[in-house]
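Just need the whole structure built from these sequences, with the hints factored in.
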Amino acid sequence: MSLSSIDIGTQMVNLGSVLLLITCFSIVGLRRLSSCVHVFALQSVFLGLTAALVAFLTGIHHIYIAALLTIVVKAVVIPRILMKVIRRKDVDRELEMNVNVPTGLLICGALVILAFFITQPIIPLGFLLTRDSLSIALAIILVGFFMMIARKEPVTQVIGFLVMENGLFLAATAAAYGMPLIVELGVFFDVLVGALIIGIYTHQLQDTLDNVDTSKLTTVKEK
Amino acid sequence: MFWPLALLVAAPVMAGLGSLLMQQRRAIEVLQCALAGTLLAAAALVAGQVIAAGEVSVGDFLQTDALSAWLDLIIGFVGSSGTIYAVGYVGEEMDRGHLSLRRYSQFFCLFDLYLAAMLLGVNQENIAIMWIAIEGSTLWAALLIGFDRSKAALEAGWRYIILSSLGIALALFGTILVYYSSEHILGVSNEALRWSQLYRVAGELDPAGIKVAFIFALIGYGTKAGVAPMHTWLPDAHAEAPTPISAMLSANMLTVGVYAILRFKAVTDRSVGPEFAGKLIIGLALLSLAISAIFLLVQRDYKRLFAYSSIEHIGIALLGFGIGGLGVFAGAWHLMNHALAKSTAFYGAGLVFLRYNHKSLDRVTGLLSQMPVAGTAILVAGVALAGMPPFGLFTSEVLIVAGSYTVRPEVAYVFLALLALAFATLLYQVLRMVLGAPGETGTALGTQCRIFTSAAIGINIVALGTIGLHVPPGLATLLASIVKIFGTEMEASR
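Chains as they are written, first to last, in our numbering: chain A, 1 to 223; chain B, 1 to 494.
Calculated from the structure, these hints are not laboratory results. Computed from a prediction, not measured in an experiment: that's the story for all the values here. Note that CB positions come from ideal geometry on N, CA and C, so glycine has one too. Careful: at least some of the hints might be erroneous.
Chain A is nowhere near these chain B residues, computed Cβ spacing over 12 angstroms in every case [unchecked claim]:
#	residue
1	Met14
2	Tyr160
3	Leu172
4	Arg270
5	Leu399
6	Thr406
Facing chain B, a subset of chain A residues (Cβ under 8 angstroms, in silico) [to be verified]:
#	residue
7	Phe117
8	Ile118
9	Pro121
10	Phe145
11	Phe161
12	Ala171
13	Val193
14	Gly194
15	Gly199
16	His203
Structure (structure tokens):
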């Protein structure tokens, strides 16, 4: 591989990572639940493509499998399940948030800076091709973390969880050239089961409560 | 001889799937009792092999060293008595018509898979597969906590799964960072994820990378272990879960969280010296102690009381590991004794709940005269958990005080003050529960429930008493090997 193609490759991987981060911000900014799910699906497609690009540039073939799984599971299967939950319970309304959108976006901006600050000392360790992705991956994880805290609706908390997982996958694939295949598969399985279990919980909570708003979950608390 | 180790991990999976398929209650009961026996025997055999040979492995898949064997003993023993207890407890719920046979078999399936996931996690050299297994145990536990499907149980389960998912995601990031640092030395392969390899090359790993990785792992697995300030899921989950699950969460799952932190600490210590990880762990341990000591005072719910006591004891064990040297010995000893004592306490609490159908601390009195078995369980466990002799928790707490005094006297003072507060509160509450005249009559328990739960409580109390006075020679060998994993020889620290 010539030097210039490595350069282009690095640029492409960085582009993919940045697209992931931008979709994160749009999820934070969106107010409708169904749009959040669609943007999440788009993000997963970007993630799958970035992973495939890394597989192509490095010649590590098992990353292709992980990329394919990402697109199938996270861009098709999970969004479908989420849309079903939304339609069945007719919760596709304007979202209530603990913080308003502009403040949320500002906080996410700060989180991105924090992510770059934390990863700065360890960036030089990485492979030349993809090492900048590590900071972006951590930024995505932190933004996902924020989403889980800032949103009240269970479905958006699930999306926050899945966004965190996307960040982790980006860290594993782009920054570390993929974990061994068995590990990737295990992580996938756990994510899928985790999403399903959170789905079951959403379902049961919706059956038990009239209005599913996790800030109203106050039966169990310190007395 | 690898079959005991393979059996230890495979038996719960088989028993769990078997329970799901079986259509008869009697058959499930027999199967679960067989599992309890198998777990106990397999854990003892594995520990025996590790004591003799140092390490046991099943091909590339399972590896057990002294620390893993220690966890096998804890999970195997408490898992075994917990299975017997669950047969009695869940059976009673079924007799009262709260559960269908289908839900009954589902409960045991989830329960066994949960045990299997933890056993896989601790008998594993690959840090990423350890993560997968621990995440698996989190997911099974989430389903078990909300098993009652009451509003409160669902809320507790929801809080648990959201917080644990956050925590476990950070732990995975820590794992990825270790891999990111090690793959340059060990290559892009499974080798770069193995403890033994990581220990070997730890000196060459990049210190900055390992430090950041450790912080993520500490926060992540600390959430699982219920370390403050990530403990907020713990009291709810312990209070609302079916009681056999509360016992298992406290005795096993928190311990597994500590185990994962310890593995990362061992790598970090070899890479950047024990000071860095030690300081962070001591800080979080003291915070856990402080928070639990305060909340113990204000509890009005006996299951929450024991839940906060778990946060306290995990903090004490971590303090031991943070200090290092003799503290490692004390910390490991503390984990085992805490697992036994706390599961006994929850077994007793479960019987009280079955009888009175409420969890109010103020309304429970005179247990010794009305419910001798539950009363004895809560009394013995309460005395042990308060840290009184002749129980092992006394020994380990004294050792930790002594250890911290030689290294950092100020830590020892803070520790003693918090310990005294927790001691007084817990003992007061427990004595108030067991002594005096009974206030309510409640619903009497069925014979079968009484037999099984008494057996589980009996096994635990006998074990607690046996290891209370002295450390059996085999366990002493294991403990010495554990101390070696953390780099200090026993002699050097004495």
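Hint by hint, here is what the structure shows:
With a least beta-carbon separation of about 20 angstroms from chain A, Met14 (chain B) lies farther than 12 angstroms from that chain, consistent with its non-interface assignment. The beta carbon of Tyr160 (chain B) is not kept farther than 12 angstroms from every beta carbon of chain A, the shortest such distance being approximately 10 angstroms. Not every beta carbon of chain A lies more than 12 angstroms from that of Leu172 (chain B), the smallest distance being close to 5 angstroms; the non-interface claim is violated. With a cut of 12 angstroms on Cβ distances, Arg270 (chain B) stays outside the contact zone with chain A, its closest approach being about 18 angstroms.
For Leu399 (chain B), the requirement that its beta carbon stay farther than 12 angstroms from each beta carbon of chain A is met, with the minimum near 33 angstroms. Once the 12 angstroms rule is applied to beta carbons, Thr406 (chain B) is consistent with being away from chain A; the minimum gap is 33 angstroms. About 11 angstroms separates the beta-carbon of Phe117 (chain A) from the nearest beta-carbon of chain B, more than 8 angstroms, and the hint is not met. For Ile118 (chain A), the shortest C-beta to C-beta distance to chain B is roughly 6 angstroms, which falls under 8 angstroms, so the interface hint holds.
Among the interface hints, the one on Pro121 (chain A) holds; its C-beta lies about 4 angstroms from the nearest C-beta in chain B, closer than the 8 angstroms criterion. Annotation: Phe145 (chain A) was flagged as interfacial toward chain B, and the flag holds, the nearest CB pair being 6 angstroms apart, inside 8 angstroms. A distance limit of 8 angstroms between C-beta atoms decides the matter here; for Phe161 (chain A) the minimum to chain B is near 5 angstroms, and the interface restraint holds. Restraint check, Ala171 (chain A) versus chain B: the minimum CB separation of about 5 angstroms is within 8 angstroms; hint holds.
Interface hint at Val193 (chain A): satisfied, since its Cβ lies 5 angstroms from the closest Cβ of chain B, which is below the 8 angstroms cut-off. Here the hint on Gly194 (chain A) is kept, as its CB sits about 6 angstroms from the closest CB of chain B, short of 8 angstroms. With a least beta-carbon distance of about 11 angstroms to chain B, the hint placing Gly199 (chain A) at the interface is violated under the 8 angstroms criterion. At about 10 angstroms, the closest approach between the beta carbon of His203 (chain A) and any beta carbon in chain B exceeds 8 angstroms, and the interface hint on this residue is violated.
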